[in-house]
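Going line by line, the protein sequences match chains W and H.
Quick note: the first sequence, position 24, residue 24 per the working numbering, numbers continuous.
Quick note: the second sequence, position 162, residue 427 per the working numbering, numbers continuous.
In case anyone wonders, no lab produced these hints; they're calculated from the structure.
Don't be surprised by glycine CBs; every beta carbon is placed ideally from N, CA and C.
Just to be clear, a hint being listed does not mean it is correct.
Here are the in silico distance ranges between beta carbons for each label pair [as the list claims (entries may be wrong)]: (1) H/394 with W/134: 24 to 34 Å; (2) H/379 with W/208: 36 to 46 Å; (3) W/255 with H/271: 34 to 44 Å; (4) H/394 with W/65: 38 to 48 Å.
Listed below are the residues making up each chain.
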Amino acid sequence: MFEARRTRAVLVVLLVVAIALITIDFRDGGTSGAHSAGGRVFGPVERLAGDVTGVFRGSSGGGSEITKLQQQNDQLRAQLAQAQASDADAAQLTSVLHLSKGKYKVVTGSVIAAGGDYSDTVTINVGSADGITANETVLNGDGLVGTVVSATAATATVQLANDAGSTVGVRMSGTGQIGSLTGSADGLSGSAPLKLTLFDANTTLRPGETLVTFGSVGGRPYVPGVPVGTVTSVTTQPGSLTPTALVTPFVDFTGLGVLGVVVSK
Amino acid sequence: MTSEVSIARRTLTTAVLAVGLFAAVVVQLTVVNRLPLPGSAAPDLVLLLVTAIAVSTTPAVGAVTGFAGGLALDVAPPAAHYAGQYALVFCLVGYAAARVVRAIWDTTGEHDAVMSFTVMAVATAAGEAGKAALGMLLSDPDVTGAVVSRVLPTAILYDLIIAPVAYWLVARLMRGTAPWHAAPERAPAPAFSHDQRLAPVFRQASAGAVPNLRLAGTGQHYASPPAVRNVPKLRLSGASGGSSLAATAASAGASPHSSATGRAARVRFGGDLPVRPGTRMSQARTPGKNWLRGAATPAMPVARRAARGPARGWLRSSSSGALAGRPAAGSAGGPSRGFMSGSRAAGAGSAIAGRPSRSPAEALAARSAPSGLSALSGAGTPLGRSPRAGWLSGSRSAAPAFSTRRLAPRAGWLGARRPRRVIGSGVGAGRRPLRRRGAGRGNWYAASPSGAWLRHSRHPWRKRRERLLRMVGVGK
Numbered sequence: 001m002f003e004a005r006r007t008r009a010v011l012v013v014l015l016v017v018a019i020a021l022i023t024i025d026f027r028d029g030g031t032s033g034a035h036s037a038g039g040r041v042f043g044p045v046e047r048l049a050g051d052v053t054g055v056f057r058g059s060s061g062g063g064s065e066i067t068k069l070q071q072q073n074d075q076l077r078a079q080l081a082q083a084q085a086s087d088a089d090a091a092q093l094t095s096v097l098h099l100s101k102g103k104y105k106v107v108t109g110s111v112i113a114a115g116g117d118y119s120d121t122v123t124i125n126v127g128s129a130d131g132i133t134a135n136e137t138v139l140n141g142d143g144l145v146g147t148v149v150s151a152t153a154a155t156a157t158v159q160l161a162n163d164a165g166s167t168v169g170v171r172m173s174g175t176g177q178i179g180s181l182t183g184s185a186d187g188l189s190g191s192a193p194l195k196l197t198l199f200d201a202n203t204t205l206r207p208g209e210t211l212v213t214f215g216s217v218g219g220r221p222y223v224p225g226v227p228v229g230t231v232t233s234v235t236t237q238p239g240s241l242t243p244t245a246l247v248t249p250f251v252d253f254t255g256l257g258v259l260g261v262v263v264s265k
Numbered sequence: 266m267t268s269e270v271s272i273a274r275r276t277l278t279t280a281v282l283a284v285g286l287f288a289a290v291v292v293q294l295t296v297v298n299r300l301p302l303p304g305s306a307a308p309d310l311v312l313l314l315v316t317a318i319a320v321s322t323t324p325a326v327g328a329v330t331g332f333a334g335g336l337a338l339d340v341a342p343p344a345a346h347y348a349g350q351y352a353l354v355f356c357l358v359g360y361a362a363a364r365v366v367r368a369i370w371d372t373t374g375e376h377d378a379v380m381s382f383t384v385m386a387v388a389t390a391a392g393e394a395g396k397a398a399l400g401m402l403l404s405d406p407d408v409t410g411a412v413v414s415r416v417l418p419t420a421i422l423y424d425l426i427i428a429p430v431a432y433w434l435v436a437r438l439m440r441g442t443a444p445w446h447a448a449p450e451r452a453p454a455p456a457f458s459h460d461q462r463l464a465p466v467f468r469q470a471s472a473g474a475v476p477n478l479r480l481a482g483t484g485q486h487y488a489s490p491p492a493v494r495n496v497p498k499l500r501l502s503g504a505s506g507g508s509s510l511a512a513t514a515a516s517a518g519a520s521p522h523s524s525a526t527g528r529a530a531r532v533r534f535g536g537d538l539p540v541r542p543g544t545r546m547s548q549a550r551t552p553g554k555n556w557l558r559g560a561a562t563p564a565m566p567v568a569r570r571a572a573r574g575p576a577r578g579w580l581r582s583s584s585s586g587a588l589a590g591r592p593a594a595g596s597a598g599g600p601s602r603g604f605m606s607g608s609r610a611a612g613a614g615s616a617i618a619g620r621p622s623r624s625p626a627e628a629l630a631a632r633s634a635p636s637g638l639s640a641l642s643g644a645g646t647p648l649g650r651s652p653r654a655g656w657l658s659g660s661r662s663a664a665p666a667f668s669t670r671r672l673a674p675r676a677g678w679l680g681a682r683r684p685r686r687v688i689g690s691g692v693g694a695g696r697r698p699l700r701r702r703g704a705g706r707g708n709w710y711a712a713s714p715s716g717a718w719l720r721h722s723r724h725p726w727r728k729r730r731e732r733l734l735r736m737v738g739v740g741k
């Protein structure tokens, strides 16, 4: 009798606490103190576990030479993006895209943890101690990966570009038309087709065109010129003013290993 | 010594479980979620561990474990959902799983691995569904109907594949500390666990009638014998003797008038059947359901009158009649006119026929007689329907034993234990024997008399009705 009553009291208290946590986090938009506290607790442990599993995985810790080459590749990719962006109409880009003239600095890290079934997020083993803050572009040797949504001292959480909650401003590499790219919620994690919506109604989309990032103000959350993917199919929906298309990303989101974070200078 | 060992064992088990839960969270995030499994889903090790622990322990432990594991999944770095989502779901799942196992164990007494594993599997599937449902409820952009319909079956499938391993690990760890292992006294006689619950009910129900009857094998809690009440002996006619029913009823009513009581106490259970000379009908029948009613005929109509409400002088009457004891009760009023007049009045059921104009004092005395028998029998339906009118005076003045039991007697506590009597059942008492059960509208639980009956009856309500009609100018 008393045990059952106490059990019920415990259950009620726990449920109330859980609902309160949800409420607070909902109000803060998913960035309440609970997440940072959890990051402080679990971050180092995950980093350690990531190092341990990296040995078996072979991607990050298997050979230092491979890691070094991948980091170099990331660096070169970022520089190439910047060079291509500079080769275009520099004055126009500067005025339109607010392109920062400085050189990108890339901090590389390895993926140590991944989100659950419904979230497309990963954790990398570099954090604010390495200069990473929120809203910074994450890329790898293939192209755009995502953006940093939160960072603790030792880890940073990256929201992948195929997450349903992410929206990337993109530009057609050939025509220069701009649009927005959102992750599709029902996309398979492997080859998630992203949804492209162009802003110009008169543009004709053709499969095979490549997309690069449009860039944000101050390079946050996306620096310009990072390749994103290719248009695979045009699906203009009836009733829609603007053309839409499905985009296959360059990055394989299931096989993420070493990622580079473009830190602002 | 054994308790110390078990305490140490429990502490160790708790520590191991906590570490295991933490490790499960880390492994889930760093290894399992990164496995390139087909179907874009992964098993949830934390959920499996929570349900496995829950079915092996108590509901409280299940709830706490679920909350802790879910909260860890909520705040560990790659988590993108709101903090508290998984804590809520896992807490509920852990509690429910443990509760179901406990309920099955309580009802059947069985506890085997198959049952536990089945509950665990169902709880795990429910947990996966709960995660998806709460995500959709909070309008998580990642959790849409299409995603859930694709991911959820795969996730449940992976969970069920891993579930035996998780269950085996936890059961291995919890061996010896589970409540069914720690409660060996419940093990030998599990078949009576349901009867044990019924035992107090049965005991209360049978306390007066069959005081020596017990359920076999109901354990040590049954050691104290029930309080044996005095089973009244029913003297059928020529009432004499201390605790007999007739004497009780008569003492409340009109005991000094021996001639009247003598006739009144000649109980006919047959009601209105003609009395055959030389036959003892009352002996032929078992003193069954209506034995109280039959004996208490003198008190009944009076009590009904008095039960119209807490009438004038009720307090005085109860003190004079009941407190003064039986001799005083007799002096409160004699057998009134027409009390025994007519053949119908002699019948037990024709309570309305004889309407003695007795004072409320006597009625209350009858109601609150210390032996309780006339009180149980005498006051008829109105008391049963509005027992609040006199319960205070009755219990305070004459039956203090009732008031000491509970501070505030529930409504109807007095009326509940007397055999109810339907108001309408006395109509046409000459034609319809009372003891026919289920005869037409004469159920004992029928509450209020019909209007047609009231119009033609001599029930006290008839007068009330006529008075009301006269007041509004309708009646004659």
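Hint check:
Hint check: residue 394 of chain H to residue 134 of chain W, Cβ distance near 33 Å, so the stated range 24 to 34 Å holds. For the pair residue 379 of chain H and residue 208 of chain W, the supplied restraint of 36 to 46 Å is violated, since their beta-carbon distance comes to about 58 Å. Taken as a hint, the range 34 to 44 Å is violated for the pair residue 255 of chain W and residue 271 of chain H, whose Cβ atoms sit roughly 50 Å apart. For the pair residue 394 of chain H and residue 65 of chain W, the beta carbons lie near 47 Å from each other, so the given range of 38 to 48 Å is met.
Of the numbered hints stated above, those contradicted by the structure are hints 2 and 3, listed in ascending order.
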